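From first to last, the protein sequence lines stand for chains A and B.
Using full-length UniProt numbering, the letters of the first sequence correspond one by one to residues 1 to 358.
Using full-length UniProt numbering, the letters of the second sequence correspond one by one to residues 1 to 273.
None of these hints come from the bench; they were simulated from the model.
Any given hint might turn out to be false.
[Stated by the list, open to error] Using 27 Å as the maximum straight-line C-alpha spacing, the simulated DSS-like pairs for lysine-lysine come out as follows:
1) B:K25 to A:K10
2) A:K10 to A:K348
3) B:K164 to A:K350
4) B:K164 to A:K10
This structure is a prediction, so every number in the text was calculated from the model and none was measured.
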Amino acid sequence: MFYREAGDFKTSYLSDSQTFPIRFDRFRYYAVLAVAFGVIPFLINDYWASAVFVPFLIYAIAAIGLNILTGYCGQVSLGTGGFMAVGAYSVYKLMTAFPDVNILIHVVLAGMITAAVGALFGLPSLRIKGFYLAVATLAAQFFLVWLFNKVPWFYNYSASGQISAPERTLFGVALTGPNTDASVKYLVCLGFVVVLAWVARNLTRGTVGRSWMAIRDMDIAAEIIGVNPLRAKLTAFAVSSFFVGIAGALFFAVYLGAVEVGEAFGIQKSFLILFMVIIGGLGSIFGSFAGAAFLVLLPVLLKNVLVGGLGWPTDLAAHLELMVVGALIIFFLIAEPHGLAQLWRIAKEKLRLWPFPH
Amino acid sequence: MNVMSNDPYTTADGRRIGGVLMEMKNITLRFGGVVAIKDISFDIREGEIRAIIGPNGAGKSSMLNVMSGFYTPTEGEVWFEGCPRPQMRPYQVARQGIARTFQNIALFQGMSTLDNIMTGRITRMNSNLLNQALWWGKAEAEETVHREAVEKIIDFLEIQHIRKTPVGRLPYGLQKRVELGRALAAEPRILLLDEPMAGMNVEEKEDMCRFILDVNDEFGTTIALIEHDMGVVMDLSDRVVVMDYGKKIGDGTPDEVRSNPEVIDAYLGVSHD
Numbered sequence: 001m002f003y004r005e006a007g008d009f010k011t012s013y014l015s016d017s018q019t020f021p022i023r024f025d026r027f028r029y030y031a032v033l034a035v036a037f038g039v040i041p042f043l044i045n046d047y048w049a050s051a052v053f054v055p056f057l058i059y060a061i062a063a064i065g066l067n068i069l070t071g072y073c074g075q076v077s078l079g080t081g082g083f084m085a086v087g088a089y090s091v092y093k094l095m096t097a098f099p100d101v102n103i104l105i106h107v108v109l110a111g112m113i114t115a116a117v118g119a120l121f122g123l124p125s126l127r128i129k130g131f132y133l134a135v136a137t138l139a140a141q142f143f144l145v146w147l148f149n150k151v152p153w154f155y156n157y158s159a160s161g162q163i164s165a166p167e168r169t170l171f172g173v174a175l176t177g178p179n180t181d182a183s184v185k186y187l188v189c190l191g192f193v194v195v196l197a198w199v200a201r202n203l204t205r206g207t208v209g210r211s212w213m214a215i216r217d218m219d220i221a222a223e224i225i226g227v228n229p230l231r232a233k234l235t236a237f238a239v240s241s242f243f244v245g246i247a248g249a250l251f252f253a254v255y256l257g258a259v260e261v262g263e264a265f266g267i268q269k270s271f272l273i274l275f276m277v278i279i280g281g282l283g284s285i286f287g288s289f290a291g292a293a294f295l296v297l298l299p300v301l302l303k304n305v306l307v308g309g310l311g312w313p314t315d316l317a318a319h320l321e322l323m324v325v326g327a328l329i330i331f332f333l334i335a336e337p338h339g340l341a342q343l344w345r346i347a348k349e350k351l352r353l354w355p356f357p358h
Numbered sequence: 001m002n003v004m005s006n007d008p009y010t011t012a013d014g015r016r017i018g019g020v021l022m023e024m025k026n027i028t029l030r031f032g033g034v035v036a037i038k039d040i041s042f043d044i045r046e047g048e049i050r051a052i053i054g055p056n057g058a059g060k061s062s063m064l065n066v067m068s069g070f071y072t073p074t075e076g077e078v079w080f081e082g083c084p085r086p087q088m089r090p091y092q093v094a095r096q097g098i099a100r101t102f103q104n105i106a107l108f109q110g111m112s113t114l115d116n117i118m119t120g121r122i123t124r125m126n127s128n129l130l131n132q133a134l135w136w137g138k139a140e141a142e143e144t145v146h147r148e149a150v151e152k153i154i155d156f157l158e159i160q161h162i163r164k165t166p167v168g169r170l171p172y173g174l175q176k177r178v179e180l181g182r183a184l185a186a187e188p189r190i191l192l193l194d195e196p197m198a199g200m201n202v203e204e205k206e207d208m209c210r211f212i213l214d215v216n217d218e219f220g221t222t223i224a225l226i227e228h229d230m231g232v233v234m235d236l237s238d239r240v241v242v243m244d245y246g247k248k249i250g251d252g253t254p255d256e257v258r259s260n261p262e263v264i265d266a267y268l269g270v271s272h273d
């Protein structure tokens with residue numbers, strides 16, 4: 001009843017192809033942005049920032065990145081963790097080599113370096129598809145983690161083999177390092193998320209997005225109508241890795257502060273982000289957010305209920321949490337293979353007619 | 001009227017047929033030991049509707065694949081607009097102005113009708129990645145310009161009502177129409193149709209015939225088509241190539257082909273007594 005497109009007329013093709021064509025959607029989106037920028041920063045504390053908001057925002061960036069590659073271009077990748085590591089180590093090397101340059105510029109540059117590395121590891125996709133490509137990207141994952149462990153130059157010859165973010169400031173406010181305020185961490189990540197989600201949306205609704213989806217849906221037909229498969233696949237790898245690299249850079253510099261590569265960017269991370277994309281919905285930006293929220297919030301919720309609410313021992317709760325998350329993933333794959341985004345779409349279809357059945 | 005000479009002429013229904021647009025010169029296509037096409041030559045003239053017919057397995061689709069650049073002929077050359085075509089990838093052939101549809105619908109199932117047809121214009125879009133990422137400048141302008149062209153095609157094919165529907169949900173006949181639209185969106189010099197009417201009912205076939213004739217008439221697009229419905233082929237086409245077992249057994253106007261004894265043998269069989 002209150003959610004419908006009737007009466008919402010478009011008079012230009014530009015307004016018809018905008019991100020939120022329905023007015024109600026648009027206002028809802030503005031409201032979310034207003035709360036995210038205007039309310040949450042004042043209420044947030046260390047626990048909420050480090051347990052919920054900051055990981056959610058960073059994983060959302062990584063999930064959008066993987067969704068561009070897997071959901072929009074149809075190229076399966078298990079190298080996400082490795083590419084996040086590239087972003088993290090790039091930003092670390094840049095921060096320590098050029099301490100005077102602003103950290104935000106370093107984060108973007110780290111994304112670009114990751115984009116180049118991703119395009120390089122995307123080259124096999126021109127020859128191989130599906131499972132075989134997944135295995136090839138798995139090689140990227142293991143090779144990159146091995147590389148960052150093995151070559152001391154990457155961690156500046158530190159004795160522990162870890163990298164840790166020095167303090168960097170913007171207008172005198174610490175953005176990285178141990179003294180960073182929770183609300184600052186949150187706002188930095190939020191800023192990146194908003195800009196990158198907007199960029200992802202622009203790319204996927206335009207020419208390059210259509211050529212990605214054409215390759216995904218039927219690569220032979222796509223080539224015959226004029227899509228250059230080399231260009232389409234490599235841009236998908238590059239753009240996807242750009243997003244993943246920025247996520248990795250923020251994960252290290254803003255969120256964790258100190259990182260050991262095998263632990264933070266191992267194969268588990270690749271799978272976690274792939275699960276986010278699948279549960280959230282392949283080929284949907286909203287799905288990337290939904291998937292990230294689901295897999296970040298669920299463990300926190302379970303922990304609070306089991307340990308805080310029922311008073312169970314922590315180790316038992318941690319094991320049960322793994323089982324519940326696993327079971328839910330299987331349940332989702334069977335019940336709604338198109339993910340949370342599809343559930344949301346169905347809900348909107350229903351809302352158009354609500355409360356009338358027909 | 002001698003249609004075998006290369007002079008331009010006007011058909012009985014007033015369409016102008018120009019000089020040779022595409023010429024297949026001694027095309028042979030082998031897959032290992034299998035010879036799919038054996039030394040076939042024919043030409044397609046500007047503005048005409050050219051049909052390729054033949055029994056199953058005659059090599060018609062292989063021929064269309066050679067024309068659209070999907071296969072490279074083992075021997076022989078494809079001439080386009082008076083020049084031999086160098087070996088190129090299919091997407092480069094598309095950029096030359098050759099568009100096609102497929103025997104089995106090859107639409108992008110996850111995309112809407114509008115996006116499918118917009119993808120057909122990809123050969124004409126050239127804004128860079130940064131512009132598109134920021135939805136600014138050339139990318140935005142380009143989107144509007146091409147959307148207008150696509151809307152014209154949507155009007156022409158009478159598919160306005162399914163503009164935003166994902167094509168996977170459409171019935172078969174409409175999917176075929178969307179596929180024609182996607183090929184038309186490239187504004188091709190020559191349009192290759194692989195069995196545009198396969199599996200359609202009479203009404204859908206009539207619609208499709210009307211669209212093919214209108215495309216030829218209004219846009220002046222040259223059309224080469226493969227079709228099994230003889231009634232359709234004989235009514236639509238200006239000239240017909242007949243293939244059997246990879247060889248050309250007939251070439252000429254529908255009437256000439258119909259009375260060609262070899263063609264009758266291939267289609268009806270001949271008694272060996």
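Hint check results:
1. B:K25 to A:K10: violated (52 Å)
2. A:K10 to A:K348: holds (20 Å)
3. B:K164 to A:K350: Holds. K164 (chain B) to K350 (chain A) sits at ~18 Å (cutoff 27 Å).
4. B:K164 to A:K10: holds (14 Å)
The earlier numbered hint that this structure contradicts is number 1, and it is the only one.
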